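Peer 1: In the order they appear, the protein sequences are chains A and B. Our numbering applies: residue 1 is where the first sequence begins, and numbers increase by one. Our numbering applies: residue 1001 is where the second sequence begins, and numbers increase by one.
Hints may contain errors.
Said to hold, decoys possible - With a straight-line cut-off of 20 Å between C-alpha atoms, the simulated SDA-like cross-links for lysine to any residue are:
hint: 1; chain 1: A; residue 1: 40; chain 2: B; residue 2: 1110
hint: 2; chain 1: A; residue 1: 9; chain 2: B; residue 2: 1042
hint: 3; chain 1: A; residue 1: 44; chain 2: B; residue 2: 1041
hint: 4; chain 1: B; residue 1: 1049; chain 2: A; residue 2: 99
hint: 5; chain 1: B; residue 1: 1049; chain 2: A; residue 2: 96
hint: 6; chain 1: A; residue 1: 41; chain 2: B; residue 2: 1110
hint: 7; chain 1: A; residue 1: 22; chain 2: B; residue 2: 1042
hint: 8; chain 1: A; residue 1: 44; chain 2: B; residue 2: 1006
Stated by the list, open to error - If you want a taste of the chain B side facing chain A, the calculated C-beta under 7 Å gives, among others:
hint: 9; residue: 1043
hint: 10; residue: 1046
hint: 11; residue: 1102
hint: 12; residue: 1108
What the hints assert, rightly or not - Derived CB-CB ranges, DEER-like:
hint: 13; chain 1: A; residue 1: 54; chain 2: B; residue 2: 1079; range: 41 to 47 Å
hint: 14; chain 1: B; residue 1: 1071; chain 2: A; residue 2: 20; range: 40 to 46 Å
hint: 15; chain 1: B; residue 1: 1003; chain 2: A; residue 2: 84; range: 18 to 24 Å
hint: 16; chain 1: A; residue 1: 60; chain 2: B; residue 2: 1069; range: 32 to 38 Å
hint: 17; chain 1: A; residue 1: 60; chain 2: B; residue 2: 1079; range: 37 to 43 Å
For the record, the hints were derived by calculation from the structure and aren't laboratory data. Predicted model only: the values in this text are computed from it and were never measured. All C-beta atoms, glycine included, are put in the ideal place defined by N, C-alpha and C.
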Amino acid sequence: DTAVSQTPKYLVTQMGNDKSIKCEQNLGHDTMYWYKQDSKKFLKIMFSYNNKELIINETVPNRFSPKSPDKAHLNLHINSLELGDSAVYFCASSQRRSGETQYFGPGTRLLVL
Amino acid sequence: AQSVTQLDSQVPVFEEAPVELRCNYSSSVSVYLFWYVQYPNQGLQLLLKYLSGSTLVKGINGFEAEFNKSQTSFHLRKPSVHISDTAEYFCAVSDPPSGNTPLVFGKGTRLSVIA
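Only chain A is shown next, with the shape it has when bound in the complex (with noise of 0.2 Å):
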């Protein structure tokens, strides 16, 4: 059974258009995080949620916008799309607790053309 999936793994799109990437987790984790990897596999923390509470947002612009229905769900809307959006997007999962393990999802590649 897949811990952390996420739906699509590949995102072709145009400029301008809106677009959401999905993830779950079944691992029971009550923190779950966005993270973004340029194309020089550069990882920087986006967001991050506990038990559906923002509580990390770093400097993202607010055409990203997070949701978290329940624990096991955190998607990702992203509005009017540009090119530097062009990226892998990973979900990851873990209990709050500081040390905790985080659990990556295998990312979604966005490509906006």
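Let chain A serve as the given structure and place chain B on it in line with the hints.
Peer 2: Chain B in isolation, oriented as in the chain A frame:
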């Protein structure tokens, strides 16, 4: 704010040779340290982590890392690499004891194992 420096962006090594991937972090206060591996077109997987206790940490796939507080380093080692170890390796740090602190990643080291 924490930062992580991975000194080598690429490390080529012959199969069955030893390898060391270097990682230094910025803070001298208590930290939690992690090594993750990313195989091609996959997500990240934890190799090992240091929270406290013994400074030599053993992980999966024969990897180990040594925490050195005085040098603020957490270098990853393997005595004999396999072709299957070809991947991107990320060092990461977080601050205890807050559970809110996210992982801060280094820029990664691409390990290429040559047959």
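Peer 1: All hints are to be evaluated individually against the structure, with a verdict given for each.
Peer 2: Hint by hint, here is what the structure shows:
With a CA separation close to 11 Å, the supplied pair residue 40 of chain A and residue 1110 of chain B stays within the 20 Å bound. At most 20 Å may separate the alpha-carbon atoms for a hinted pair to count; residue 9 of chain A and residue 1042 of chain B meet this at roughly 10 Å. At roughly 18 Å between alpha-carbon atoms, residue 44 of chain A and residue 1041 of chain B fall within 20 Å of each other, so this suggested pair holds. Distance hint between residue 1049 of chain B and residue 99 of chain A is fulfilled; the C-alpha atoms sit about 8 Å from each other, no more than 20 Å.
Restraint check for residue 1049 of chain B and residue 96 of chain A: the C-alpha separation of about 16 Å stays at or below 20 Å, so the hint holds. Distance restraint check for residue 41 of chain A and residue 1110 of chain B: the Cα-Cα separation of roughly 10 Å lies within the 20 Å cut-off, and the hinted pair is therefore satisfied. Of the pairs offered as hints, the one joining residue 22 of chain A and residue 1042 of chain B holds, with about 17 Å between alpha carbons and a cut-off of 20 Å not exceeded. Restraint check for residue 44 of chain A and residue 1006 of chain B: the C-alpha separation of about 15 Å stays at or below 20 Å, so the hint holds.
Residue-level restraint check for residue 1043 of chain B holds (minimum Cβ-Cβ distance to chain A is 4 Å; threshold 7 Å). The closest approach between the C-beta of residue 1046 of chain B and any C-beta of chain A is roughly 5 Å, which is under the 7 Å cut-off, so the hint is satisfied. Interface restraint check for residue 1102 of chain B: the shortest CB-CB distance to chain A comes to about 4 Å, inside 7 Å, so the restraint holds. Taken as an interface hint, residue 1108 of chain B checks out: its beta carbon lies about 5 Å from the nearest beta carbon of chain A, inside 7 Å.
Here the CB-CB span from residue 54 of chain A to residue 1079 of chain B is close to 44 Å, well matched to the stated 41 to 47 Å. Distance hint for residue 1071 of chain B and residue 20 of chain A: a CB-CB separation of about 45 Å, consistent with the stated range 40 to 46 Å. Take residue 1003 of chain B and residue 84 of chain A: their Cβ atoms lie about 23 Å apart, and the range 18 to 24 Å holds. For residue 60 of chain A and residue 1069 of chain B, the Cβ-Cβ distance of about 33 Å falls inside the hinted range of 32 to 38 Å, so the restraint holds.
The given range of 37 to 43 Å is respected by residue 60 of chain A and residue 1079 of chain B, whose C-beta atoms sit roughly 41 Å from each other.
Checked against the numbered hints above, the structure breaks none of them.
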